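Protein chains in written order, with my numbering: chain A, -12 to 143; chain B, 4 to 506; chain C, 76 to 397.
Calculated pairs, SDA-like style, for lysine to any residue (alpha carbon to alpha carbon, straight line, at most 25 Å): (1) LYS182/C with GLU193/C; (2) LYS134/A with GLN53/B; (3) LYS134/A with ILE31/B; (4) LYS255/C with ALA22/A; (5) LYS224/C with SER455/B; (6) LYS223/B with THR55/A; (7) LYS209/C with TYR467/B; (8) LYS134/A with ILE204/B; (9) LYS81/A with ALA419/B; (10) LYS109/A with ARG225/B; (11) LYS134/A with ILE91/A; (12) LYS182/C with VAL15/A; (13) LYS52/A with TYR487/B; (14) LYS182/C with HIS195/B.
These are calculated hints, taken from the structure and not from any lab test.
Predicted model only: the values in this text are computed from it and were never measured.
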Amino acid sequence: MSAPSLPRLQHIIGSGVVAAVGIWVAYVSYTQQPAEAFLFPRLIASVFVVLALWTFAKACLGWTKVGTGITARQFTNLAPGLGVALVYIFWAAKGLGFYTATSIAFFILLSLYDPAPHGALKSWVKRVIITACFMAVMYGLFALLLKVYTPREVFF
Amino acid sequence: MEFLLYMGDVFTPINFGLLLLGTIGGLILGATPGLSPTMAVALLIPFTFQLEAAQGLILLGAAYTSTVAGGAVSAILLKIPGAPANIATTLDGHTMAQKGEGAKALQISFLASAVGGVFGVLLLIFLTPVLAQWALAFGPSHLFWLAILGVTVIGSLDSASVVKGLLSGCIGLWLATIGFDDIMGAQRFIFHPALGGGINIIAALIGLFAIPQVITMFAKGRRGDGAEVIAVQKHPISGAIRELLRNKRALGIGTATGSIIGLIPGVGGQIAGLVAYDQSKKFSPDREKFGTGHPEGVIAAESANNAMVGPSLVPLLTLSIPGSPTAAVLLGGLLIHGIFPGTDLFDNHPDVAWTFINSMLIGQVLMCIFGLYVAGLAARVAQVPQAVMAAIVLGLAVFGSYSVQSSMGDVYVMAALGVMMYFLERFGFSAAPLVLGLILGPIAEANFIQGSMIATATDGMAPYFFGGPLNILLIAVVIASILYSAWMELRSRRYTSKEEIIA
Amino acid sequence: MKKLLAGAAMALMGLTTSAVADGHANYPDRPIMMMVSYGAGGATDFQARIVTMTSGNEDALGMPIAILNKPGAGGRVGWNWLASQAEADGYTLGAYNIPHFIAQSIKGGVEYSRDSFEPIANWGADPAVLVVGKDSEFNTLQDVVDFAKANPGKLTTSGAGLFVGHHIAALQMEKAGDMKMAYIPTKGGGAAAMKAVIAGDVMAGINNLSDAFRAAEAGNVKILAVADLERNAFLPDVPTMMESGLDVDNSSVNFRGIMVPKGTPQGIIDKLAATVPAMFENKRVAGKMKAGGSPMHIMTRDEVLEMWAAREETLKELLAGL
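The following block holds chain A by itself, in its conformation from the complex (with noise of 0.2 Å):
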């Protein structure tokens, strides 16, 4: 095995990053008041806290077994699309309204990530066609049928 290799590195920050999160809710847990909501809190800290700082120190050692990691290739497919989702989901649902939203981000993914051809009329066209039928569906299940009340800003 190649030494610190990009899984194992990425092993090291992901456990690290686990055993970080289980120590500060420990720390939480056993500072916090009222002592009596924090009983069982403090149970499962501990038992978090042991098993996170045993799974970093085999991670540093380098003698994890599962879990593959992203290769960089993997990371630059995925960045685009999750920017996309992550504006979608955290800004754009409430700033824009949900239908909106999800009908400029849906066809914003399909051009991303649809393989056809991007100088191709027809594959706009169709990108679009799927992107109404999509939100005819969702409009017809959500706010017809079960009558949800999304947010709406623009349009509807």
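With chain A fixed as given, assemble chains B and C onto it according to the hints.
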């Protein structure tokens, strides 16, 4: 045999029409991410205001039955479990769909659901008085041990690494403590306002299962790495029936576990599917095939979660105590017609009681027929191109998690948990133990606190938690389960190391 | 991004001001949402669904009211949401439970107080009752009091949580009888507390009259006393606690009604306060409530304001020692 007298009432044109409506509507609602059976039944309550008591209950009973089974559809095709009951179904069901065996997975899931469901309703019909006593036997100390028993499943649910499985479980248990503590009302770990209400389990389920799925599809990139077009295999229904008969053990374990655990108020419905899955895995000679698209896993999980439907109504119908949130909603459906569950129901309104129970029996069969009919069609979902699928699942996840409580906070929690889970999965953690921790944490905590309060007021902690045959039995099962997992782990470790030496 | 959000907020406020200008004549022009801070199927949820079922009628609001459940921590989750996150535009109503939310706000740790909400109208009053299992050796309130006095802190008594009506009733009983009980709050509301009594997990329980009435009809429990000023029409044979010699008044009676978050336009509050009590008086509503064993008690906005203020005072006094 009294129920046979009222069988005819189910088949009057209006009643049967409502039964069909409830079944088909239930399947659609159940397959919609974010709509748990409880929500689906609550949504239908206003319609029953206009109907007679028996008719209203037919609609609700049919909807309850088929939403539980409908949840399997999104679990298998989209990897979004509709309710905790369907988590175990995703483990093998979705892997089967990815292999192009979606039609087969759906068919066996509906058949297993129907077998489990019919058995559960028959238990309700014949053994109600006995079951009522059994349901009451579980006090806080027993429910606590039962939750712990559920936790022991965590280690063996994730076969890749026991330590990481347990760690995932701990993360889940911790996530469950976020929000207001239920008994004291103290605030715990609320580091963002969206967490004020705690983590909603349905929103968490959607995030933890659906979002990693979406990101994985993104990671494959625009062209897709390698062959992406899945050939969806046609599968004859007779083949599915044969498959079901071949796996009598899983079917038996699923049905039995589902009907026994489903009976216990408050805990049952949530974990019946997972416990049944775990048990059939332990008893199966092909245990290493579980999780890789093995029909046995689907059969165990689905027969269990529908077997739970009948018994889960026992405490409601006999003692007037709703044992599950869905039962509580059904109670409302009875009360608006001035019918009180309990002796009053069976003595003074037998027509209502038996028509309702019969409609669930017939509903199971109808649900199965419709399910089988659409299975082949629905399985074509697997052929939808990656890019479209990712966008659809993302959209459904957002709308589904919002609709649970009309809350943007739930959508944020869903997305945050989902993205976190994607990265955790890359490092060998898995979602199922995490979710189990999330479900069992509150049950274990509440019953521990309640039990210890009763214990300190009465005979003390040790006799209360360790005394009595039921406590001892549960503790014995917990210990056996841990020992079994440890033994299996050691044995498999010896195997792998031997293989490593050869390699 | 902040600017954009602020812009959107401004636009929204612009919309509301224009609505003020026309005196809310069109209110409501879309369906209304009502938050219930308990789970689907609970007593509050059940009653809320019944009393709002006629709101779509022309003589009521003309628009349906949809129920939204935000359960958790004895109602704190839902009321926190209503006080701090809900939009005060008249399309978000909330169901209140007195004394629960006032007691919780006195105890602290929540984001609301009596001043965070504006009442619209009250629909029901559900007194707390003392129940014991059907095979219990206790047959009167006096038996229970005698046991509690002889065995301080040994009488396990279940109720739906801390600082809810049931807990208030238990505190009042302890104070009036100069005794110590072991109050066991359950998670999962009145149903779980009732299960504990029926199954014999606890020796006694304090529960809603409506739930206890059903359990008693089914032959599972005995109701020993009502914590109210007078006997209840549903249970004419059950004495009040005062009759049985325990000085417990009606502070624990669970009043349920509709409120809106503070900041809701006055025009909308007035319109709701005028129409909602009449909506509760609808014959179909009364019929369904009676069938379900839920006592009704309709009060107007002014009466509720007075009741809230009075409750806050007695609760402050009662909870001062805790």
